[in-house]
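Asker: These protein sequence lines map, in sequence, to chains A and B. Count the first sequence with numbering that gives the first Met the number 0 and you get residues 0 to 415, in order. Count the second sequence with numbering that gives the first Met the number 0 and you get residues 0 to 78, in order.
One or more hints might be untrue.
20 Å max Cα-Cα, derived SDA-like pairs, lysine to any residue [said to hold, decoys possible]: (1) A:LYS123 / B:GLU47; (2) A:LYS69 / B:ILE10; (3) B:LYS48 / A:PHE133; (4) A:LYS69 / B:MET44; (5) A:LYS69 / B:VAL17; (6) B:LYS48 / A:ILE119; (7) A:LYS69 / B:ASN9; (8) B:LYS14 / A:ARG68; (9) A:LYS69 / B:THR29; (10) B:LYS14 / A:ILE130; (11) B:LYS8 / A:ARG68; (12) A:LYS123 / B:PHE50; (13) A:LYS69 / B:LEU37; (14) A:LYS413 / A:GLU257; (15) B:LYS48 / A:ARG129; (16) B:LYS8 / A:ARG64; (17) A:LYS123 / B:GLU45; (18) A:LYS69 / B:LYS48; (19) A:LYS69 / B:VAL12; (20) A:LYS123 / B:PRO53; (21) B:LYS14 / A:ILE135; (22) B:LYS14 / B:PRO24; (23) A:LYS3 / A:HIS246; (24) B:LYS48 / A:PHE134; (25) B:LYS14 / A:ASP116; (26) B:LYS14 / A:GLN60; (27) A:LYS69 / B:LEU15; (28) B:LYS14 / A:ALA67; (29) B:LYS14 / A:SER59; (30) B:LYS48 / A:ALA122; (31) A:LYS69 / B:GLY33; (32) A:LYS123 / B:ASN51; (33) A:LYS69 / B:ILE43; (34) B:LYS14 / A:PHE134; (35) A:LYS69 / B:THR39; (36) B:LYS14 / A:PRO132; (37) A:LYS69 / B:LYS14; (38) A:LYS69 / B:VAL40; (39) B:LYS8 / B:VAL40.
Honestly, the hints are just simulated from the structure, not real lab data. These numbers come from a predicted model, not from an experiment.
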Amino acid sequence: MTFKRVVVTGLGALTPIGNDVTTYWNNLAAGVSGAGPITKFDASKFRTQFACEVKGLDVSQYIPRQEARKMDAFTHYALIATDEAVRDAELNLDTLDKNKVGVIWGSGIGGLKSFEDEMIDYAKGDGTPRINPFFIVRMIADSASGQISMRYGFRGTNYVTVSACASTNNAIIDAFNYIRLGRLNMCVVGGSEAAVTKAGIGGFNANRALSERNDSPQTASRPYDKDRDGFVMGEGAGSIILEEYEHAQARGAKIYAELIGGGMSSDAYHITAPHPEGLGAFLGMQDALNDAGIAPEEIDYINTHGTSTPIGDPQELKAIHQLFGEHSFKMNISSTKSMTGHLLGAAGAVEAIACIKALEHQLVPPTINHFTNDDEIDPRFNLTFNVAQARPMTTVMSNAFGFGGHNAIVIFRKLS
Amino acid sequence: MSDIAQKVKNIIVEKLGVEESEVTPEASFTNDLGADSLDTVELIMEFEKEFNLPIPDDEAEKISTVGLAIEYLEKHIGK
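Chain B with its partners taken away, still in its complex shape (with noise of 0.2 Å):
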């Protein structure tokens, strides 16, 4: 796993309250890791935070999923 994947899951276990072997690339923040809106916005600030990256609403309202946040990261991170 990346190193970007790991502290992408470290973050979702802080904030979430969940299990480390909930997070899959699969698993949705809202249907299956339990956030509710609030927490969705608050896990995409902790990632701007986390790699120093700003991500655009826009682009923050496409990352519904553990998968697409390490994707979107490992993409925009370092370029």
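Bound-form chain A, shown alone (with noise of 0.2 Å):
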């Protein structure tokens, strides 16, 4: 059977560094760092004290108090990226066959402070359970999906995908299969997270994930260089309207770009460390590209996971070489969690996005914070180190890999 293909037409995002798709990437090309100190609550006592919090956001403006207060902030965040997605879009809710019309969401985590916040007021109590009747909802993760259906009326497959920092590349590449299958005309993909709470910080701070480097942490996300010492949380939300390609054209819509693969593969090796030879990222990225049916040198620029963390940076550098070979020290490579930190969930939707406004824009966004070479990294990588860079390009590759060794990898390019 012939596949549909599946186009970009719409993107919302809010960001540690910017609460609109504009905002965000001309923080992205202009190398702005979203971290600072911890103000969701006191973190004085904790091994990290700062983390990539999306600032200055009244979610009043976009979701009335009474309904707000029955969400987490992973839901707000996934509502307020969508809003902006579905106008950007430009969709026609009335003449729209919404029955057509999927979301398909993506988070590691869900509601980690509705949870945290419920328990600990529990923990306060004689032992008398006294659960407000919206814990449940405001927790699970799948509500942010469910919430957007209900915004929209969208009637079409809606789940949420939950694999770790994989989870929005999951989101896409399945909504990507129902599309190009004839089961939906669209989709809206996306993913978020709101883990910059006690339990979040504490937690990865636990398993020693996390950047230590307090005394500033706008250097502290610095992928690839010598002395990067752990991720930097982050939080907020990326929104993607997915579309039938014919579907798109015959109601005019503005086309970003063409999704044309996706792979997913698995480590099967450890719980949190990646497989010391790239081994599930060499798959991932393989079967991305069997998928698009193009060749490794087709891949202009690769938005890594580079998450800043000592092991995990130089195994995905050897993925990429041992499936990209000579072809790896041409290409552009750079990881955006440099800037926006790492959105856990999340990540794949805001690097997707990262990805095609730099299609639209032919310029790669940097990896910033670089001061020390790493004797572990090849030079000959272009990493594209602290400023932006003006290339060509017409296909571009996100990697998005996850704690339970979850790997998943798209690719999109610009529509021909």
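Since each chain sits alone in its own frame, please combine them into the complex, following the hints.
Answerer: What follows is the structure, given as structure tokens:
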């Protein structure tokens, strides 16, 4: 059978470096860090006291207070980013066949703060449970896709993917498959995370995943730098409207790019550590290239997972070198997590948007905070250090890997 | 208005996002104030917390209006 083509027709972003796509992109291009001291709780006793938080957001401008209080922040973020994406796609909600519009969302954790708050409250009592009736619906990860569907009446396929930091890319790939099979005309995909909480920071501190560079938050996320010491927690959301190509054409939609491939694999190795030879990453990227039916040399830019952890960064590059050979030194590579921090389950969402905007502007956003070369990292890689680089680009890849050994990779192409 | 009645009104205004003028004794939580079944459960829980008074489920089910809530609480508090 012939697959249908799938294109991107709307974007929405709520990030630590911009609460809309334009601001986000401008700050990516300018190399702005979103890190700062944690404001969401008193972190003075935590090993890490900084994060990349969303700033200056007034939720009530988007969601009536009565509805908002029944949702966790990660659902607020999902609705706010999707509000922008739906407006950007210029959907006519009166004429659209909403039964053929799905919502597939990604979140690594879901409503962590809601869980935390309720249980802290419970622990203060005498053991009698007085659990708020909205506790479960605030907390469960699928409330994000459910709330999006209710807001717009999208009655197609609806669920949330959970594969830690690969979650959104899994959501994108699932939607890609449904649309190219003709099961959906359109799908809202994306991811959101709001884990800058006591449990989130404390938990990732406990497994030594976070940077502890408290004296310099803005330079803490430094993928590929010799002195990187862990990732910086980010939060926010990215929302993308995926649409069947002819459906988009018929309504005269603006088309950003085509989604041409998705690849998935598992390390089958360790619950947190990546495979030492980058085997899962290699297999996932290879799977994505095969799915797209393109040669490795066609990839112009890879937005890497590159979280700024000592072990993860070089292993991903090893896998890239193994798969792309000499071409791995000719393409551009960057980790925009150097600016946004690591949005966990939403990382794939905001990074797919970074890739799509990079294609639009023919500009590779940088890996900021490069100070010292790491002997473990081949200097022939063009890691786009510190300053954005203009280059003609047709095809770009976005990598996302998650605790549990999940790897999910997507490939976007400028529409020809 | 009694202190209890004012506190009940405040909780309803806060939780259901309605205007205080709508919170009349006759107003039904579900029919007039837009509450669904979960909102109603939450309201009862808030009354329990505010007045430190456990409300048994079979009693809670009967509390469907603002007036019935105030009446129940006034009757049971301090006894």
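Asker: A separate judgement is required for each hint: does it hold in the structure or not?
Answerer: Right, here's what the structure says about each hint:
no., hint, verdict
1, A:LYS123 / B:GLU47, "holds, 16 Å"
2, A:LYS69 / B:ILE10, "holds, 16 Å"
3, B:LYS48 / A:PHE133, "holds, 16 Å"
4, A:LYS69 / B:MET44, "holds, 15 Å"
5, A:LYS69 / B:VAL17, "holds, 16 Å"
6, B:LYS48 / A:ILE119, "holds, 16 Å"
7, A:LYS69 / B:ASN9, "holds, 18 Å"
8, B:LYS14 / A:ARG68, "holds, 9 Å"
9, A:LYS69 / B:THR29, "holds, 17 Å"
10, B:LYS14 / A:ILE130, "holds, 15 Å"
11, B:LYS8 / A:ARG68, "holds, 19 Å"
12, A:LYS123 / B:PHE50, "holds, 17 Å"
13, A:LYS69 / B:LEU37, "holds, 10 Å"
14, A:LYS413 / A:GLU257, "holds, 6 Å"
15, B:LYS48 / A:ARG129, "holds, 9 Å"
16, B:LYS8 / A:ARG64, "holds, 18 Å"
17, A:LYS123 / B:GLU45, "holds, 16 Å"
18, A:LYS69 / B:LYS48, "holds, 19 Å"
19, A:LYS69 / B:VAL12, "holds, 15 Å"
20, A:LYS123 / B:PRO53, "holds, 17 Å"
21, B:LYS14 / A:ILE135, "holds, 17 Å"
22, B:LYS14 / B:PRO24, "holds, 17 Å"
23, A:LYS3 / A:HIS246, "holds, 10 Å"
24, B:LYS48 / A:PHE134, "holds, 16 Å"
25, B:LYS14 / A:ASP116, "holds, 18 Å"
26, B:LYS14 / A:GLN60, "holds, 19 Å"
27, A:LYS69 / B:LEU15, "holds, 11 Å"
28, B:LYS14 / A:ALA67, "holds, 11 Å"
29, B:LYS14 / A:SER59, "holds, 15 Å"
30, B:LYS48 / A:ALA122, "holds, 15 Å"
31, A:LYS69 / B:GLY33, "holds, 15 Å"
32, A:LYS123 / B:ASN51, "holds, 14 Å"
33, A:LYS69 / B:ILE43, "holds, 16 Å"
34, B:LYS14 / A:PHE134, "holds, 14 Å"
35, A:LYS69 / B:THR39, "holds, 13 Å"
36, B:LYS14 / A:PRO132, "holds, 12 Å"
37, A:LYS69 / B:LYS14, "holds, 10 Å"
38, A:LYS69 / B:VAL40, "holds, 13 Å"
39, B:LYS8 / B:VAL40, "holds, 16 Å"
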